[in-house]
Amino acid sequence: MAGILEFAPAIVLLPFLSFLIALGAGRYMPKGGALAGIGATAGSFALAVATFFAVSGGQTYNQHIYTWATGVGDAVTLDFGLLIDPLSAMMLVIVTLIAFLVHVFSLGYMNDEGETGLPRYYAALGLFSASMLGFVVSSNLLMAFMFFELVGLCSYLLIGFWFRQDGPPSAAKKAFLVTRFGDYFFLIGVVAVFATFGSAAFAGPDAFPVLAEEALHGEHSVNTFLGMGEEAWFTVVGLLVLGGVVGKSAQFPLHTWLPDAMEGPTPVSALIHAATMVAAGVYLVARMYGFYALTPTTLAIIALIGGFTALFAATMGVVKKEIKQVLAYSTISQYGYMMLGLGAGGYVAATFHLMTHAFFKALLFLGAGSVIIAMHHNENMWDMGGLKDKMPVTYYAFLSGSLALAGIVPFAGFWSKDEVLYETLIHGLGGSPILLAAYAMGLLAVFFTGFYTFRMVFLTFHGEPRTETARNPHGVRWNVKAPLAVLGVLAATAGFVNMVPVEKLLGIKGIDFLHQFLDGSFSSLNAHHYAEILPYSSSYIGGEATTVAIGAGVSLGLALAGAALAYVLYNVPEPVEHTEKLGSIKTVLYNNYYQDEYQVWIATSVVQPISRVLDKFDQGIVDGVVNGISSVSLFAGSRMKRIQTGVVSNYAALLTLGLTALLLGLGLIGGWFA
Amino acid sequence: MIIEALIAVTFLAALVTFVVPDRYAGKAAFALSLVPVLGSLYMWQQYDASGNALLGGSAAFETDIVWLQLGQYDLHWLVGVDGISMPLIVLTTILTTLAIVSAWTPITERQSQFFGLMLFMEANLLGVFTALDFFVWFVFWEAVLVPMYFLIGVWGGPRRKYAAIKFFVYTNIASLVMFIGFISLVFGLGDSISSLRLPEIAQALQAGQLGGFAGLSAGALASVAFIAMFFGFAVKVPVAPLHTWLPDAHVEAPTPVSVMLAGVLLKMGTYALLRFNFTMLPETARSFALPIALLAVASVIYGALLALAQQDLKRIVAYSSVSSMGYVILGLIAYTTYGVGGATFQMVAHGLISGLMFMAVGVIYNTTHTRMVTDMSGVADRMPVTAGIFVAGAFGYMGLPLMAGFAAEFFIFKGAFESTVMEAMPLFTGAAMFGIVIVAGYLLFAMQRTLFGPFEFDGDYEITEAPFHDVAPLAVLLLLTIVLGVSPDIFFTMIQDAVNPILELGGAF
Amino acid sequence: MVPGQYYLVLSAAVFCIGIFGLLTRKNALLFLMSVELMLNAANINLVAFSYYWGNVTGQTFGLFTMALAAAEVAVGIGIILVLYRNFDGVDVTKATTMRW
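Protein chains in written order, with our numbering: chain X, -12 to 661; chain Y, 836 to 1344; chain V, 174 to 273.
Because the hints were derived from the structure by calculation, they are not lab data.
Here a beta-carbon is modelled for each residue, glycine too, at the ideal position from N, C-alpha and C.
In silico lysine-lysine, DSS-like type, Cα no more than 27 Å apart, as pairs: (1) X/Lys468 with X/Lys377; (2) X/Lys308 with X/Lys573; (3) X/Lys308 with X/Lys377; (4) X/Lys628 with V/Lys267; (5) X/Lys308 with X/Lys375; (6) Y/Lys996 with X/Lys603; (7) X/Lys308 with X/Lys568; (8) X/Lys375 with X/Lys468; (9) V/Lys267 with V/Lys199; (10) Y/Lys996 with X/Lys628; (11) X/Lys468 with X/Lys308; (12) V/Lys199 with X/Lys628.
Listed next, the stretches of chain V that the computed footprint assigns to chain X, with coverage defined by at least 3 CB atoms under 8 Å from CB atoms of chain X: (13) 195 to 207; (14) 261 to 268.
When you get a sec, could you build the whole thing from the sequences and use the hints?
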């Protein structure tokens, strides 16, 4: 196994190859190039697993692979490199697995449904996987940014896949534009990191988080700008990079693109939400956690954004009618938890949640896709009902994912979400009221999560079929069921890799495998190091075990309460909408707190009028001056030319007059008349 | 002698094309234009220059002959190539060939004259980028305007005469002001120079030989000359608010001419700014850092906002050129390797990408006979290949990584951010970078309305995929953009080599 | 011996008569005649100064001027003929079609 990490570039290149194949030859291939994609992602998955085990065995890999731009003279050289440590190895497995399953599922969702443009679909899917994998293994911030942007491009292409309709192109545009707005700050951040540290590497001798740490300890001098001190400047840089994270991970206030992105094909939604684009933001924070851990202000902001988004999105998910919309808001909310975890110093917890969420969210989306196939592409949950008996595989898989999402023990989501909340709680108790506020929001969101998750399950699968389609659903084939089965098992069991509450409560040592795993690798990139530099201290209610028990008990209780409420309201043969009871809040929730409205308002009522006014200004004033100068010249000419009467006598008279005037003038100057 | 051969062959090609019958002119011009392409590639392969041609570096393929004596000054035929001009020469020859191919469809009358003028313009452009003597350079510089005037004025749209005259008069007045500025420098140098060779002048200025002239002290003279030359070149670039000739010229010019205009002619302005203002008068440039940076940011943001308000696809791309060229100015004033080098790289990158965008708009126009965003919808349904390349090009324009535009913009941003010319450069850089959001805005809006959605078109024309020879140049440009974006080192190392001596002047970064 | 000034006075007088004719007449033929007078006024000067300085160059130029005047008349008559044909007369003030 010594050389397995040498093959790491192939993990990225295989899906890229499938992109080229699908693009170039997809139309001549059976299944529109799907097989190339499936083969490539399967290969990547195999390699990623091998890599994962190699990394578990203590190997790491940080190699320069390509010089993008050579700096001549004093200038910095910009490199591409591969960084494989436990974090990226884990992410590689997640991404390749989900990408592989999504490819397989697409056979059922796209090919079997007779879609056109499949080569384009599989090409974009391949490029999407390749970009995300490239992002995951990036060894420096610039390379990360570049693949981050490519991920954005692919999401544009895939969300807008059905470009002949009105909705998808618009949603694609919105997704790209909103994330671009975040990336604008990210790009400034990248440039600022280069300007500050002269390097943007994540690991190695000139890793910028290490340089930053040394700078704060006065061991290394860096350039700061605009007259700021080092910590203030690092906070600014951290927040700039965070802009990109907020955009891509759909955190408040740049979350508006994500629900619209449901216009894309469902397998794409699964890929975007579980493993690629949205995960990229959170992954980036985890990747450069050594930098964020140095600045308490940034951490507090991350935690606050995360906690708020978790609650905020969960409340919106409560009233949605379409199954994918519910899932979309749950994604925003769950990524809020990850941000909360990172901001609260729970690096492992957040990474853990990133992993479990990838499994159960992919599962839920693919399950929803299966339901949508069955329902002939009707996504409205009020038209469903009673699908439980018609499609048992989908139902049980979906249920597994839902339990995980709601955070019911022992499904995966419980363990990770609980750990996030636990870390927030103990660090909040350790003297950070902001974290306690974020914790409260996160805790409240648990209740809503339990509610909307089971509302969705009951409306979709339980009760009586409410339409003809639901009574007689379209069957799905193995290529839909198999990915569901795999993910269903994972959603149920993935949490066992990190049973911290069990460890703490029962005192069984050594079952926090993820903690141990993430403690390996480069000394500047492991969880242990992060714990040392974090500006938080822990404090407990009673003892450590008591705190664990209370935290887990409260969050589980809230989740169960939410689920129970959904059970009461919606697990009846003929459920009705209860939204009227919400009163005026209902309207606010339906309109997503008017977040879209104000952003659209900014675009259409502020920027567009400004640009129109500027256009008028440009045409009228700027160009007006130019044309004015020409008009003045033309006007002067048109008046001057009147002298030319065309009558010879006048010319003769003018000549004579001129001669006389000349003689007189010369005479006066020459003194002839003196 | 290869430079002379290159220019002579191109002139000869123009002459031959003038007399070829109309129906063969396009093919003949294409075939003949391959000779300069091969020539420039051969030059690139044989290229052995080091340093900056103006600052004592060795230029490649240099020829220096005295061919006239004008009073005190000898006029030299001095041509040579360094790391700044080499990429631009390659860009010029390749882009001309592709523009010629893209003209096959839209140009349906007086072909031999059209293609002859295109080649004539190429020859003069090659002269501009190789000449290192002011007199020779100025002759080529002015001579470029003549074919351009006719190309817009004869083959253009409905308001072609207005546009052509505006273009010609505006840029010509600018040239006049620039000429006055430069000549006042020459007078200020007095006896310390014996010719108008640019290296000699640049080095004399570096050696502090500039004296007073016409009642101005040396410093004041430098400032006046700098402003006059900056104005002259800024019109060509164009820098807001001197840009208004550009949208008119672009809208009226036929597609291939727009390609040349945006792709190469605008680069004359930035090339000259770099060669004259920023190389010859670096200290003056630094003292004007604030207004120049302001102009750069204004060009970027103002140009982008104007593009947002347009309904005509060509106007959108035209205004976005103003925006993109603003980045070049920002990079130049940064006086860092990445800033100035990135600015030079952006000249090439923008040449390719704006050429691609104009051609793509042209291909759509050839079929639909309209460029208005409001007139069509869902064109991607009927023209999938063109639409695909259009989308790729638009993302290139937005600065998608691994395409040339991103490399150039990133270099410029990096260089500008760490620049030491001003304390506030990071703020200016941040402000200018907002352009990347607006550019995404208007291109995405335009694409959504024209290419996507249900197919709708009111005209009487059958909308089908464009012929191969329309799409092929697009594909070539896209490929070049990607190659240059994946491996910017192709040009970037030689650019840096030529740019670094400039930074060392007057205590550079 | 006639004093030199007399020649100058004569020349000036002839020139002024020519100008007067040019300014007051409308007939193209009279124009031509007036121009001839002015030319000859110049000729008088040339010859007078030539005689005064004892240098024949002036007289040579006088001869040149005469040859020129002859050529001019030939062209002038031609123009007048065209004028007559196109404007039904020889009134110079009527032929204004070439203004702006």
